[in-house]
Amino acid sequence: MEFFTRHKRFWLIAPAVVYIGFFMGLPLLQMAYVSILERGTNGGVNWGSLSFDAYISFIFDRDLMDNLIINTDYLQIFLRSFELSALTTVLALILGFPTAFYIAMQPQSRRNMFIFLVTIPFWTNILVRNYAWMLLLRNGGLIDNLLNTIGLDTGGLDLLYTPYAVSIGLTYTYLPFMVLPIYASLEKLDHRLIEAAFDLGANKRKAMTRIILPLATPGIIAGSILVFIPCLGAYVTPELLGGGKFMMIANLIGSQFGAARNWPFGAALGFVLLALVLIAMMVYSLKFKKLPENAS
Amino acid sequence: MKLRSILLGASAFALLSLGAGAAKADGELFFYNWSNYFPPELFDKFEKETGIKVTLDVYDSNETMLAKLQAGASGYDIVVASDYMVDVMIKEKLATEFDAKSLENFKNVAKPHDTMKYDPDRKYSVTYLWGTTGFTYDSDVAKEKLDDSWKEFFEPRPEFQGKIGALNDEVEMYAAAAYYAGVDKCTEDPKEAQKILDILQKQKPYVAVYSSEGTIDRMAAKEVAMHMQWNGASHRTKESLPSAVFVYPREGLSFWSDHFIIPKGSPHFENAKTFINWMMQPENAAAASNYAGYMNAIKGSDAYLDESLKTDPAVNMPEKYADRLVPGKNCSEKARDLRNRVWTKLKS
Amino acid sequence: MKIDRTNPIWRFHGITPMAIFFFAYLYLPIIVLLVLSFNENRLATIWTGFSTQWYSVVLDNSDMLRAAQNSLVIGLSATVIATIAATLAAMGMARGRFRGESGVAAMLTLPLLVPEIVTAIATLLFFIVIGVKLGLISIIAAHTVFCIPFAYLPIRARLDGMDPALIEAANDLYANEWQAFKRVTFPLLWPGILSGAMLSFIISLDDFVISYFVGGAGSTTLPIYIFGMIRIGITPEVNAISALMLIISIIFVSISFLIDRIRY
Chain A
1041 MEFFTRHKRF WLIAPAVVYI GFFMGLPLLQ MAYVSILERG TNGGVNWGSL
1091 SFDAYISFIF DRDLMDNLII NTDYLQIFLR SFELSALTTV LALILGFPTA
1141 FYIAMQPQSR RNMFIFLVTI PFWTNILVRN YAWMLLLRNG GLIDNLLNTI
1191 GLDTGGLDLL YTPYAVSIGL TYTYLPFMVL PIYASLEKLD HRLIEAAFDL
1241 GANKRKAMTR IILPLATPGI IAGSILVFIP CLGAYVTPEL LGGGKFMMIA
1291 NLIGSQFGAA RNWPFGAALG FVLLALVLIA MMVYSLKFKK LPENAS
Chain B
-8 MKLRSILLGA SAFALLSLGA GAAKADGELF FYNWSNYFPP ELFDKFEKET
42 GIKVTLDVYD SNETMLAKLQ AGASGYDIVV ASDYMVDVMI KEKLATEFDA
92 KSLENFKNVA KPHDTMKYDP DRKYSVTYLW GTTGFTYDSD VAKEKLDDSW
142 KEFFEPRPEF QGKIGALNDE VEMYAAAAYY AGVDKCTEDP KEAQKILDIL
192 QKQKPYVAVY SSEGTIDRMA AKEVAMHMQW NGASHRTKES LPSAVFVYPR
242 EGLSFWSDHF IIPKGSPHFE NAKTFINWMM QPENAAAASN YAGYMNAIKG
292 SDAYLDESLK TDPAVNMPEK YADRLVPGKN CSEKARDLRN RVWTKLKS
Chain C
3 MKIDRTNPIW RFHGITPMAI FFFAYLYLPI IVLLVLSFNE NRLATIWTGF
53 STQWYSVVLD NSDMLRAAQN SLVIGLSATV IATIAATLAA MGMARGRFRG
103 ESGVAAMLTL PLLVPEIVTA IATLLFFIVI GVKLGLISII AAHTVFCIPF
153 AYLPIRARLD GMDPALIEAA NDLYANEWQA FKRVTFPLLW PGILSGAMLS
203 FIISLDDFVI SYFVGGAGST TLPIYIFGMI RIGITPEVNA ISALMLIISI
253 IFVSISFLID RIRY
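Residue numbers (the working numbering), protein chains in the order written: chain A, 1041 to 1336; chain B, -8 to 339; chain C, 3 to 266.
Worth double-checking, as some hints may not be accurate.
Stated by the list, open to error - Which residues of chain B face chain C? A few of them, derived with a C-beta cut under 7 Å, are:
id: 1; residue: Phe21
id: 2; residue: Ser26
id: 3; residue: Val49
id: 4; residue: Ser52
id: 5; residue: Gly66
id: 6; residue: Tyr109
id: 7; residue: Glu261
id: 8; residue: Thr265
No wet-lab data here; the hints were simulated from the structure. All figures in this text were calculated on a predicted structure; none of them were measured in a lab. Here a beta-carbon is modelled for each residue, glycine too, at the ideal position from N, C-alpha and C.
Chain A with its partners taken away, still in its complex shape:
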């Protein structure tokens, strides 16, 4: 193929890679260096003097006798962030997949309108959307009232300022990142293909697992990544909808660059998170590679 000669491919890929390498790779390397530096007394770092304190204090704590003991506070925050992000990804998939499928099955002329309908709410700001959810979820708010009107006396739902509220808010925030990639991969699905499957005696489940899902898989993978990772770094939603009662990783990191003024520890926390994400991704991609073999 003329278009994709080795030489040309290089020049196609180079701009994006060089750009990311320069504006992201280099800053991260610099940041890695910061994480093994000594902290400055008033924040910042002492360039040049190395120290591994930041990594040690992630797992260990010094008790009163100056012995190292294991400290689970930070691990707990990490664990909670992973749980909430996984829950959010699943919720987004449950809502997003049928919707993407529904849109992909619409006549060509209507699909774009639906896609824009999906994206329009996101022209408002994330803070504003979170506030709207606060108004909806709070006691005496719209959802509470609605349930009371249809006869369910909830006696105050107490939904707001709970992890559920955070999940609802996060799912809302990242929904389009699930819907759009799935739609993009389902969009070329031909109605006749499904009809043919039914004509040949396939049932719904078979049509779904043999035709629709394999086609949607790249989109589902992309969508799940796009939802899961930003969720891990969520900063605003746990503060607003969770009532600031528990931290997620980003809040912890933020506080190191805030009141604690411990930049190396903040940088180290960031790198621990990055490492965990990379491991999770590797496990995920290994599993994904096996899938098509099982399905066929």
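Starting from the known structure of chain A, fit chains B and C onto it as the hints suggest.
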């Protein structure tokens, strides 16, 4: 083709707007301040009188501001820093010496604001506004008048349980709990820090929300019945909730002051001095107080203050509470570590 | 409702109600927000009467308009640069394997794997060290980084499902490879490009943390401005500016629809 038309239009628009932004006037001032802390009308007045146009950017904490300045030139001409941050900025050589006493209007500065612990000769800073951090409660909810103690906040009565709003602020919450525990807020002793943690953890089940945003709204909507608040916010709460009462706890409450500082590398140094001098005029200082609800440090500004501000004990503190005020302090690294670990434990 | 037998959706019972629920969930907060933008009361949580005063307040607020303009400039610039780079990269990556491919792929998605707050601080420190002045340009540079993978993934997903025979056929039929691209690859690819560009734009418009750290004097974006405002509580002003943003988006989208109609 649709996409191409979108992209073309978009890039044309972006280029045009960038060009428009590049045309900059000379009489400029870049001001970096807390949000909602400066009356927008005052910028117009300043521009009218001096021809200098002020551009405002906002931050949410001293540390954010510090991080930007520490990282290097930021392009700001004036920043507003709290007391302990003045200390940090001078020590880190991030503040420019401008010798406030040499400014014409410095004669208007009231005692004791003509000096300051971390900048005794006022070489680097001038007080903008000052205030206190206590708590506000809705007297309609209380069955009787509350005691003026942090106990009411940390160990609330039944009618307030689950209706407490706390500030989502490591420094303020830790300090309040330290006053209540009777220990130094910059303690380096883990046992004392443990006491503070115990108080905060015992209080947590009664707390509806930790948030420094929208405290006024939350009280006015009766979402919470008690909120840790800055006194100016408490004053503004009263405007929509007349039954709100501000408490000066007898164990002590934080007394803080915020100061104008010209950061290192300020591109419009002379304009910055003009602005600071202008803000020391009584009517301008009063306008800031009327807007934010906090007291200024300028003699003669009383004449221009709103009546509601002058008569509100939350703002115009009764003399008998004066010995309850605890000034801000720049805690050591070890103390900050303890504080951060307490805060993290509370929220893990 | 009559069942459309040509659309296989009818065979899957749960799909339509789920999609309806999805859009209800999506628009509920938006409706609340629109309604409250007409609230006479300053406090968003208390309804006292109908008023359009907040719209005039917003249109008079030059700071807020400047912030909105900054956000649009940043969003559009970052989207354009990122979408072009991502489209090229996706086309380069989509055909066949090469040495170091997985490394390159990892590089392209790297910005997604780094938590925003780390990106923000790392980028800030980096800009200072290489001496970039903080402002609009620095924010655009930083936004472009995380927009590239958001544009790349949908485009790549689209390309992966494309029949290579189509492009081969095009190459056989057209002498010029640019024509093959313009007439065949691009039209097939554009739903992916469009969703990629949309994602980029939304994520840039929404970004708070990175703009907050990487911005400098005079580069306040709308999220930063709104963040400053909500410290006293969300006001109808914020609701009004959100409503205006929605209207701009609808106009923007409608125009692109119209241009499309005329060209076909």
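Under the criterion of a CB-CB separation shorter than 7 Å, is B/Val49 in contact with chain C as hinted?
This interface hint holds because 4 Å falls under the 7 Å limit.
With chain C as the partner, please determine if B/Ser52 meets the hint condition of a C-beta pair closer than 7 Å.
With a minimum Cβ separation of about 11 Å from chain C (threshold 7 Å), the hint on B/Ser52 is violated.
Was the hint right that B/Gly66 lines chain C, CB cutoff 7 Å?
holds (3 Å)
Classify the hint on B/Phe21 as holds or violated, based on whether any CB of chain C lies nearer than 7 Å to its CB.
holds (4 Å)
Interface hint outcome for B/Ser26 [beta carbon to chain C under 7 Å]:
holds (3 Å)
If you take the shortest Cβ to Cβ gap from B/Tyr109 to chain C, is it below 7 Å?
Nearest chain C Cβ about 25 Å off; hint violated.
Cut-off 7 Å, beta-carbon criterion: hint that B/Thr265 touches chain C
Violated. Min distance 17 Å.
Holds or violated: is the Cβ of B/Glu261 closer than 7 Å to a Cβ in chain C?
violated (16 Å)
In this structure, the earlier hints numbered 4, 6, 7, 8 are contradicted, and the remaining ones agree with it.
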